[in-house]
Amino acid sequence: SRDMFLEEFKRQVIQMCHYFAKVWKKIRTITVLFELFRFLFYMIVSGMYLNFNHYYCSVDFLAFDDALVMFVILSGTDEHGLKIQQAAEAAGKDPLTFCTGVSKQFRHLFSSCNISYTDYIRTTEQRHREAVEHFWSVLWNKGLIYKGSYEGWYSTQDESFLMPSQVGDALDSLGKEIKVSLESGHKVEWMKEENYMFRLSAFQSQLLDWLRGNPQAIQPERFHQAVLKWLQEDLPDLSVSRQRSRLQWGIPVPGDDEQTIYVWLDALVNYLTVAGYPDKHNQWWHVARHVIGKDILKFHAIYWPAFLLGAGLPLPQVIHVHSHWTVGGKKMSKSLGNVVDPLERSRMFTADGMRYFLLRQGVPDSDCDYTDDKVAKLLNAELADSLGGLLNRCTAPALNPAQVYPSFCPQSFPRAHGGRAVHEDYHMLDAIQKLPAVVEKHYETMHIYKALEAISACVRLTNGFVQRHTPWKLDRKNNEDQRWVDTIIHISLECLRIYGTLLQPIVPETSNKLLSRLGVQPHERSWAGLNFLARYQGMDCPFEGRALGSDSGVLINGREKPNNIEATL
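UniProt numbering numbers the first residue of the sequence shown as 1 and each following residue consecutively.
Please keep in mind that the hints were generated in silico from the structure rather than gathered at the bench.
Please read these numbers as outputs of a predicted model, since none were measured by experiment.
Hints should not be assumed to be uniformly reliable.
As the list claims (entries may be wrong) - So the derived label-pair ranges between C-beta atoms look like this:
id	residue 1	residue 2	range
1	Gln-433	Arg-468	13 to 21 Å
2	Lys-229	Met-348	46 to 54 Å
3	Gln-433	Arg-347	53 to 61 Å
4	Met-348	Gly-418	28 to 36 Å
5	Asn-141	Met-348	50 to 58 Å
6	Gln-248	Glu-444	41 to 49 Å
As the list claims (entries may be wrong) - Here are the simulated DMTMM-like pairs of lysine to aspartate or glutamate, each with C-alpha atoms no more than 25 Å apart in a straight line:
id	residue 1	residue 2
7	Lys-513	Glu-544
8	Lys-83	Asp-209
9	Lys-298	Asp-373
10	Lys-142	Glu-221
11	Lys-179	Asp-295
12	Lys-331	Asp-234
13	Lys-104	Glu-258
14	Lys-334	Glu-544
15	Lys-441	Glu-509
16	Lys-331	Glu-221
17	Lys-513	Glu-344
18	Lys-142	Glu-258
19	Lys-298	Asp-425
Just so you know, even glycine gets a beta-carbon here, dropped at the ideal spot from N, CA and C.
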């Protein structure tokens, strides 16, 4: 009947939503983090670096009996500001045309690297301009913005005024003495102009209270301490506009066409724009998370929270901070000729290969040095040889002639130590049984490299298990030997199933190939469905006796050491 059909349809939809809730809960932050690490490489565009900031909001809302958890991953381009205006002029293009071309290049890069997002915001969009104008008006109406005169050192490249303590002496390429930012090394100039000021000083104590009361608000800890130190120093009011005669490329100050809104106030509001500000952000904004580079910590951990407090909006739950990739221990720059092109490297090592390397080697706390040789060695050791070799060995016709998920024999591998299993085998099972919880913890805290270290260690344990018992030497005509061979392969395939599932956010194509080879269907790849080695626990195993997938190709090809080891332009 129609009612029965609708009831069954409803049941299946709810079941599907439960599944996706569990999947997204486990993988939501990982895709985001890869995007950030990928952007630690600098994309050269028309001789300049696009001021590209990657943002994300993690948004929860409940539906379907509180089962469905949804997340919005935000990426985009910050397209206003003086350096963009100057770069467009140098390219002989109007700023919007220039930014549109660059934005397309980034989207192409996302696609090539299998990077996903739910919203891509350009700060030149009308929806963003409306959000910024409203946000400005809220601060203005509360008396938090006033007209004043500002004088100090200014870095066009960083779009920031600097304190005298943040400026030092240096020589330019011609040997001329110049002033530079001690943090970024970019040239600064003394500037005095009339513009609008934000009462940043009024929020110093509130910001200190927020951080002292929320020790996990900024992670890792060393960045939390850095911001606390900044806040204990003098915190002057902040210039939040520029004279339009000097900066035309930006959003005009509402009611004053002679002033342009400061790019960092403009850009930061993009988070709110995607959340639906000013009308539809309430159900989303209270759970926002940010993932940022250490070079923009001050803007996100001091200016942005102060703006939000002024506007009466909740502060981000967590600000995750990552460090940078260097080449030869030096920051990437065109002048040094050491910029690494992420698109070229994704072609060289595959998108999955670069994703794995960046997340495996990149640590949030400190800078990491890049070479092509490191990438090749890591991919060969951990993906091609260790993981790929294990899969090839356990699915090869010589060892698995029936091409099925063989049966597990409890007598060969009893729960109590005995049978043909040895102490090291039980240690391996214990480690893999605990692995999902270990990986989940590290994924949630953005210590992705620790999660991958744990997975890699377990892969080595499984290889050691197979090598220790040499199933290819056993006599298949002997029933006891045959049961032991089947048990060894069954355990190894179960281990591979766990690894493939846990690695889905990191290397999606490789994980899909691995799980498909094992015959694991898409709906069986969720975190909740892991249930490692069910037969060992006295339960039925849905995979036992199932035919393996038909793709018997190499999981991932080994990588030769490239000729162009150093970075290329």
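Against the structure, the hints:
| no. | hint | in the structure |
| --- | --- | --- |
| 1 | Gln-433 <-> Arg-468: 13 to 21 Å | 19 Å, holds |
| 2 | Lys-229 <-> Met-348: 46 to 54 Å | 41 Å, violated |
| 3 | Gln-433 <-> Arg-347: 53 to 61 Å | 39 Å, violated |
| 4 | Met-348 <-> Gly-418: 28 to 36 Å | 50 Å, violated |
| 5 | Asn-141 <-> Met-348: 50 to 58 Å | 54 Å, holds |
| 6 | Gln-248 <-> Glu-444: 41 to 49 Å | 44 Å, holds |
| 7 | Lys-513 <-> Glu-544 | 19 Å, holds |
| 8 | Lys-83 <-> Asp-209 | 35 Å, violated |
| 9 | Lys-298 <-> Asp-373 | 35 Å, violated |
| 10 | Lys-142 <-> Glu-221 | 34 Å, violated |
| 11 | Lys-179 <-> Asp-295 | 19 Å, holds |
| 12 | Lys-331 <-> Asp-234 | 29 Å, violated |
| 13 | Lys-104 <-> Glu-258 | 31 Å, violated |
| 14 | Lys-334 <-> Glu-544 | 56 Å, violated |
| 15 | Lys-441 <-> Glu-509 | 24 Å, holds |
| 16 | Lys-331 <-> Glu-221 | 23 Å, holds |
| 17 | Lys-513 <-> Glu-344 | 23 Å, holds |
| 18 | Lys-142 <-> Glu-258 | 22 Å, holds |
| 19 | Lys-298 <-> Asp-425 | 50 Å, violated |
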